[in-house]
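Peer 1: Residue-level listing of the chains:
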Amino acid sequence: MANTRTYDEDVLTEEHGFEDHFHDHHHGDKYQTSFLTHYIFSQDHKIIARQFLITGMFWGLVGALMSVIFRLQVGFPEESLSWIKPLLGKWITVNEEGFGTLAPEFYYALVTMHGTILVFFVLTAGLSGTFSNLLIPFQVGARDMASPLLNMFSYWFFFLAGVIMFYSLFLSTGPFAGGWTAYPPLSILPQASSGSGAGMTLWTLSLVLFVVSVLLGGINYVTTILNMRTKGMNMWRMPLTIWAFFITAILGILSFPVLAAGFFLLMCDRTLGTSFYISEIFVGGQALENVGGSPILYQHLFWFLGHPEVYIIILPAMGLVSEVLAVHSRKPIFGYKAMVFSMLAIGFLSFIVWAHHMFMSGVNPFLSNFFVVFTLIIAVPSAVKVFNWITTLYKGNIRYTAASLFAIGFVSMFISGGLTGIFLGNSTLDIQLHDTYFVVAHFHIVMGVAAFFGMFAGVYHWFPRMFGRFMNETLGKVHFWGTLVGAYAVFWPMHYLGMAGVPRRYYSFDNFDTFAHFDNMNKFITIAAMVVFALQVLFVINFFYSIFKGKVQKTKNPWGATTLEWTAPIDAPHGNWPGKIPAVHRWPYDYGKDGEDFIPQIAPLAEGEKDHGH
Amino acid sequence: MEATIKRAPVQYTGKWHPKKFALVLAMAGIIMMFSALTSAYIVRKAAGNWLEFKLPALFLYNTLVLIASSVTAHFAYRAYNREEVSTYRMLTAVTFGLGVLFLVLQVVAWNQLKAIGVPLDGNPSGSFIYVISGTHAAHVLGGVGALFLGLKTAFGPYKHSSGRKLSIQLVNTYWHFVDVLWIYLIIFFILQ
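Residue numbers (our numbering), protein chains in the order written: chain L, 1 to 614; chain S, 615 to 806.
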């Protein structure tokens with residue numbers, strides 16, 4: 001029965017689609033009446049997705065630039081930084097000989113802001129916000145989110161959080177500088193450090209707004225996936241992207257309120273004089289009245305969010321990579337259900353491992369054993385996923401596009417970074433490795449670089465869906481190879497630093513003769529970091545150039561993918577499909593079936609044909 | 615072919631109205647928040663240096679106010695469905711009034727707590743009571759706001775429609791939720 005079916009999406013949608021009387025009520029386009037409501041206060045998930053992406057890219061550049069500046073300090077402490085004075089102003093002090101030094105308190109502010117921005121604004125909002133918005137309504141076959149209005153608020157709360165955080169960078173006392181985890185007492189006592197006053201107040205305010213954004217978004221994503229699926233789209237016919245966003249959103253709904261509770265107690269300590277987190281303390285020449293607080297309590301509340309948060313970051317990347325790998329290797333994803341169950345297992349386990357961030361905080365060692373075991377068990381579903389990605393690639397007709405290269409690069413990074421997680425998950429090894437560059441290397445590779453690779457794979461792959469044009473492939477490949485080699489050059493040597501005990505976050509190692517022989521390694525890392533940063537600038541240039549001048553998308557389904565987003569018109573209106581909603585007849589991974597390259601989800605089953613998706 | 619038929623096609627819109635489902639998710643988030651706060655309470659208490667005191671009885675009596683308002687909310691909804699307009703209006707107003715009364719009495723109870731020497735900024739055992747019941751009161755305040763909108767609608771022209779029915783269901787569901795949440799909290803405070 002090879003090649004007996006035609007895949008004209010319009011015909012299929014018209015003949016088999018689902019009539020939801022979209023045109024009977026003419027409110028479908030009411031949100032696109034003016035420039036302001038179309039491009040700024042839009043309720044269209046496609047516009048909101050692009051807003052999240054571009055805002056995320058802005059923050060990505062800011063956060064990455066910060067890392068370049070503090071890497072200059074670590075790698076080249078003997079070089080003058082007076083040339084950055086125009087940018088950093090009073091945070092660079094220039095002596096009589098014209099030698100510029102970075103203020104230590106601003107070094108800590110840079111490290112803190114780099115972490116906060118990358119974790120929350122770029123890899124949560126920029127990654128999950130972008131692709132959940134773009135793909136959930138498209139791939140489940142919905143006109144828009146369950147509540148487009150709340151979806152719009154989700155973006156604007158994020159935007160407001162960003163404005164406040166950005167403003168805090170310009171305070172005369174500097175932004176918050178006590179680390180992105182905001183541990184007390186630095187986060188509570190304004191006299192503890194220069195960033196602990198107004199900087200911390202704005203930091204908390206910004207993140208509370210951010211929590212609101214995540215919750216509004218997450219509630220919408222889950223509701224849309226469970227309630228708005230098109231006819232025939234049962235759960236086992238959902239692409240793995242949707243499963244990933246679904247589990248991510250549930251993790252967000254369950255963990256961010258806990259962070260909010262933790263922040264709430266923190267605010268009470270800051271403003272109302274309570275003592276939840278601070279105990280008897282002597283600071284700034286004065287003994288404070290606080291009694292009986294426990295800073296460890298904050299750490300528990302923070303990491304109860306903090307650990308699921310790393311999966312909130314990595315699960316969407318996993319979903320995007322699964323989809324991109326299947327499409328570009330022209331093969332069904334290997335072990336679809338195993339992929340879903342392993343994501344569910346990772347999501348569940350992520351809630352019972354938080355204290356592995358606190359092994360050295362005085363947590364009972366017997367309690368630690370419990371967390372060690374569950375932490376190591378996460379290796380099992382993670383390994384299942386890696387195995388399935390590799391077997392998906394095995395014997396595939398792989399098209400080496402920028403998107404698929406980044407997806408393959410993701411698998412590489414996830415393996416490299418995941419293996420060091422097994423080291424760190426052991427509470428005994430943590431005695432040596434905690435708070436060293438080994439930790440920095442581990443989490444940057446496994447949830448920093450890997451998540452970025454997933455995001456890049458997504459951007460290159462769905463760029464036509466967003467802008468009706470393609471990104472430049474050659475620049476994309478330069479971007480990929482440079483970033484792959486560069487990221488390993490940055491983070492691989494850090495493992496050696498960490499094993500030798502070099503502590504993270506230190507401003508200078510001048511007084512540590514033990515670490516003197518690492519000077520050249522630190523220079524090497526800094527140079528590699530600058531190269532990688534330059535390549536990301538190249539990506540941003542390619543991105544914006546391609547929006548206006550990229551190769552025009554001529555066919556609806558340029559990659560030959562099966563999923564529903566490619567059945568909508570290239571310039572899809574609000575409501576996505578001008579007529580009927582496409583109905584779904586099969587799972588999303590019919591590649592190379594019955595001698596056909598691919599069969600879209602909207603193609604009805606032939607006689608006697610069996611569907612995988614149930 | 616049979617393999618595909620045995621499972622009925624999923625409806626475009628699920629069994630639940632999306633708004634109801636979204637409310638359930640929001641309530642799940644709120645439950646997590648209060649679990650975090652009460653867990654923090656337990657963990658902190660286990661660490662020692664903990665002031666034991668007797669909770670003012672008003673907190674307990676106030677529970678009855680909230681339970682009563684849940685009952686009137688339920689009967690207001692029933693009256694709406696039976697198109698008993700005057701009962702519906704009266705019970706909606708009573709529900710709103712009881713909600714406001716609960717908030718006022720909570721403020722009184724906080725003052726009583728302060729009067730017996732348990733201030734907000736003292737030992738964390740007292741601070742937790744203020745913060746947890748205060749966070750709960752903030753959620754009740756949100757419910758009172760929703761009830762106020764319901765009150766405005768109730769005293770406007772009467773109309774029986776699925777949209778209005780849904781609104782009342784949503785508000786009532788949330789209202790019963792903050793009620794049950796308070797019952798959990800008061801039992802937690804008494805047992806702890």
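Treat the hints loosely; a few may be bogus.
Here are some of the chain L residues that sit facing chain S, going by a computed Cβ distance under 8 Å [stated by the list, open to error]:
| id | residue |
| --- | --- |
| 1 | LEU215 |
| 2 | ILE219 |
| 3 | ILE253 |
| 4 | ALA260 |
| 5 | LEU265 |
| 6 | CYS268 |
| 7 | THR271 |
| 8 | VAL291 |
| 9 | LEU297 |
| 10 | PHE304 |
| 11 | GLY306 |
These are computed hints drawn from the structure, not numbers from a lab.
Backbone N, C-alpha and C fix where the C-beta goes; we use that ideal spot for every residue, glycine too.
Peer 1: Have a go at the LEU215 (chain L) hint: is there a Cβ in chain S nearer than 8 Å to its own Cβ?
Peer 2: 6 Å, holds
Peer 1: If you take the shortest Cβ to Cβ gap from CYS268 (chain L) to chain S, is it below 8 Å?
Peer 2: Since chain S brings a Cβ to about 6 Å from CYS268 (chain L), closer than 8 Å, the hint holds.
Peer 1: Taking the closest Cβ pair, is PHE304 (chain L) under 8 Å from chain S?
Peer 2: At 7 Å from the nearest chain S Cβ, PHE304 (chain L) passes the 8 Å test, so the hint holds.
Peer 1: Closer than 8 Å between Cβ atoms is the bar; does LEU297 (chain L) clear it against chain S? Give me holds or violated.
Peer 2: This hint holds: LEU297 (chain L) lies near chain S, its Cβ roughly 6 Å from the closest one there, short of 8 Å.
Peer 1: Under 8 Å, Cβ to Cβ, is where ILE219 (chain L) needs to be relative to chain S, so tell me if that hint holds or is violated.
Peer 2: 5 Å, holds
Peer 1: Do the numbers back the hint for VAL291 (chain L), that is, is its least Cβ distance to chain S under 8 Å?
Peer 2: Hint holds; VAL291 (chain L) Cβ to chain S Cβ min 7 Å, cut 8 Å.
Peer 1: Does the nearest C-beta of chain S fall within a distance shorter than 8 Å of the C-beta of LEU265 (chain L)?
Peer 2: 7 Å, holds
Peer 1: Using Cβ atoms only, decide whether GLY306 (chain L) comes closer than 8 Å to chain S, and label the hint accordingly.
Peer 2: GLY306 (chain L) check fails; min Cβ-Cβ to chain S is 13 Å, beyond 8 Å.
Peer 1: May I ask you to test the interface hint for ALA260 (chain L) with respect to chain S, counting a Cβ-Cβ separation under 8 Å as satisfied?
Peer 2: 6 Å, holds
Peer 1: Would you check whether ILE253 (chain L) satisfies its interface hint, that is, whether its CB is within less than 8 Å of any CB in chain S?
Peer 2: 5 Å, holds
Peer 1: Double-check THR271 (chain L) for me: the hint is only fine if its C-beta lies closer than 8 Å to a C-beta in chain S.
Peer 2: 10 Å, violated
Of the numbered hints listed earlier, those contradicted by the structure are 7 and 11.
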